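A.B. asks: If you want the building blocks of each chain, they are given just below.
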Amino acid sequence: MTGIRKCLLAGLVCVALGAGATVAQAAAGQRIKVTGEVIDSWCYLTEIMYPEGSAHHQCALWCAAGGIPVGILADDGTVYTVLKFEGDSTSNASPKVLEIQSHRVTVEGEVYARDGINYLLIDRVVDDRGIVKLTHDDYGIQPFGK
Amino acid sequence: MRHLMIAAVLAAGFLSAGAARAAESWGLPDEEIVRFEAKVVDVLCELTGDCPAQCGAGKRQLGLLRDDGTLVLAVKNMAPFSGAVDELADFCAMRVVADGLFTTNRGYTIFALHFVKAVPDGKWRRANRFLSKWAERNGLDPKDKKVKRWFENDPQVKALIARDGKLGLGLEADRKFLEE
Numbered sequence: 001m002t003g004i005r006k007c008l009l010a011g012l013v014c015v016a017l018g019a020g021a022t023v024a025q026a027a028a029g030q031r032i033k034v035t036g037e038v039i040d041s042w043c044y045l046t047e048i049m050y051p052e053g054s055a056h057h058q059c060a061l062w063c064a065a066g067g068i069p070v071g072i073l074a075d076d077g078t079v080y081t082v083l084k085f086e087g088d089s090t091s092n093a094s095p096k097v098l099e100i101q102s103h104r105v106t107v108e109g110e111v112y113a114r115d116g117i118n119y120l121l122i123d124r125v126v127d128d129r130g131i132v133k134l135t136h137d138d139y140g141i142q143p144f145g146k
Numbered sequence: 001m002r003h004l005m006i007a008a009v010l011a012a013g014f015l016s017a018g019a020a021r022a023a024e025s026w027g028l029p030d031e032e033i034v035r036f037e038a039k040v041v042d043v044l045c046e047l048t049g050d051c052p053a054q055c056g057a058g059k060r061q062l063g064l065l066r067d068d069g070t071l072v073l074a075v076k077n078m079a080p081f082s083g084a085v086d087e088l089a090d091f092c093a094m095r096v097v098a099d100g101l102f103t104t105n106r107g108y109t110i111f112a113l114h115f116v117k118a119v120p121d122g123k124w125r126r127a128n129r130f131l132s133k134w135a136e137r138n139g140l141d142p143k144d145k146k147v148k149r150w151f152e153n154d155p156q157v158k159a160l161i162a163r164d165g166k167l168g169l170g171l172e173a174d175r176k177f178l179e180e
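Protein chains in written order, with the working numbering: chain V, 1 to 146; chain X, 1 to 180.
Chain X with its partners taken away, still in its complex shape (with noise of 0.2 Å):
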């Protein structure tokens, strides 16, 4: 069952644009396909009143704060290994619509975001922006091969598995794992 959940997270992120503007199930557990009008506000600002511009110019995680007050936490994107951020950036204190998926699981409720558009009359955007900022900040060009699987291309993970290995805990113990 968890390949299979996997498979359709990894698959929805590597799709190219132009399927259906709706999001689809992943399996995950407890899960709600949901579509809702919200706020897009910094997580940080709204809990605690320190607010830096442009809801912090994409350095912090962002929400979506509905009308009746609950502040939704944007945990996932449509690209692989990656958040919302970069899909919800653009969007600072404005009103979306978030098309994508609760789940619950061990008492907490998180959100993946799919698709959203600016309330009301946006154009719907697939939330995998995060490849072509990624992209951008590496100075890639977005259709560089790199860029799908940029997880295993990005320099800062590099650098750490570089230094301490795949399982943290050193090069030695990666050698003799993987020897076995």
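Just chain V, same shape as in the assembly (with noise of 0.2 Å):
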């Protein structure tokens, strides 16, 4: 919900102007602690070839480096955006990111649901196992195979 949305429905007469319009509608986010594989968001949810790990790893490197906004697929299914890292707001091919590419990994941060898209601050990086999900002699490396 914007800050205009809301001022009109507390009754209230906004003055939105310049920074004053960005701080009102910056809502607040919630803390969150999810575990889950590091994605490409693109692959994973168009599911124009196999998304998840080792089988991925190559592609998912790429799309993080071309900007795509990288992604955590939480175990319960839960598709997360990743917007900041570590105190570090690149999420234009962040080289920090490209590091746990197609990792597990633990984070803790805030989450804010934003029409459907829920995005991720994460403040730490409680665990990371590296690749685990060895998808390659299933799915080869994606997607030309080499």
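Wrong hints could be hidden among the right ones.
Derived lysine to aspartate or glutamate pairs resembling EDC-like cross-links, with alpha carbons at most 16 Å apart [said to hold, decoys possible]:
1) V:K146 <-> X:E180
2) V:K146 <-> X:E152
3) V:K146 <-> X:E179
4) X:K176 <-> V:D138
5) V:K146 <-> X:D174
Rather than coming from a laboratory, the hints here were simulated on the basis of the structure.
Note that the structure is predicted; figures quoted are calculated from it, not measured.
Can you join these two chains into the complex? Each is in its own frame, and there are hints to help.
C.D. replies: The structure is reproduced here in structure tokens:
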């Protein structure tokens, strides 16, 4: 819900100018701890190829370096879109995020749900198991097989 | 079916400019071809009020804020394996007409940008500026043959694969797998 909508609902007169408008639109995030696999959100959500584990690692690096939003696929199936990583707000081709691509991680941070997308601001990585989903024997190297 | 979808997406990325300025189907799940007006925003800024200059100057994910308040996450562009930040960064805080595809799967709706122009009378841009921007960032001519297959030539990716392998499990795991 936008800040303007909130103001209207509250029956308040809102004067939203410049930075004030931005502050008015900001909402509080919720603290969260998530365990799952770091994924490429495009390949996973479109299913244009097999999108998980070692079979997809090279493609996941390409997509992250190309600036496609990196996600975390939680164990319960929820997909989180990473916007911030350990204090760094670089979310377009972040070198730090590329380092954990395809890894199984547990992270703590804040989540903002907006229009069906779960945006995740990671404060810290609690656990990093590396790549544990070994899928290449079944699916080869995605998408070109080499 | 998956191979057809991959081929469609890759072919779209490799095609040169000059085609009609309207999105065409990629055969994605629950796909919708759309054209709408919106304001280009820094998604993190929109959510939290943390708003650096120029929408983060290309370092942050960008979104499209529609007039009804809906925030659309721009995930993809028209170039292979790349996102929409380079396509939208020039339009930070501006109103644009976005043309592309919504796809909905697993309960999530995301957007692939195919063409964009400034409101009201900007010139249509094909959403593949990533390639020329990548060339610029890497000191290459945009027509260099390395650019179309940028993903195989990206220094950051090459360094990670040289260290960890294509499977991410180490070079020995790659060697064994590729020998089989």
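A.B. asks: Look at each hint and say if it fits the structure.
C.D. replies: Hint check:
no., hint, result
1, V:K146 <-> X:E180, "12 Å, holds"
2, V:K146 <-> X:E152, "11 Å, holds"
3, V:K146 <-> X:E179, "11 Å, holds"
4, X:K176 <-> V:D138, "15 Å, holds"
5, V:K146 <-> X:D174, "10 Å, holds"
When the structure is compared with the earlier hints, no violation turns up for any of them.
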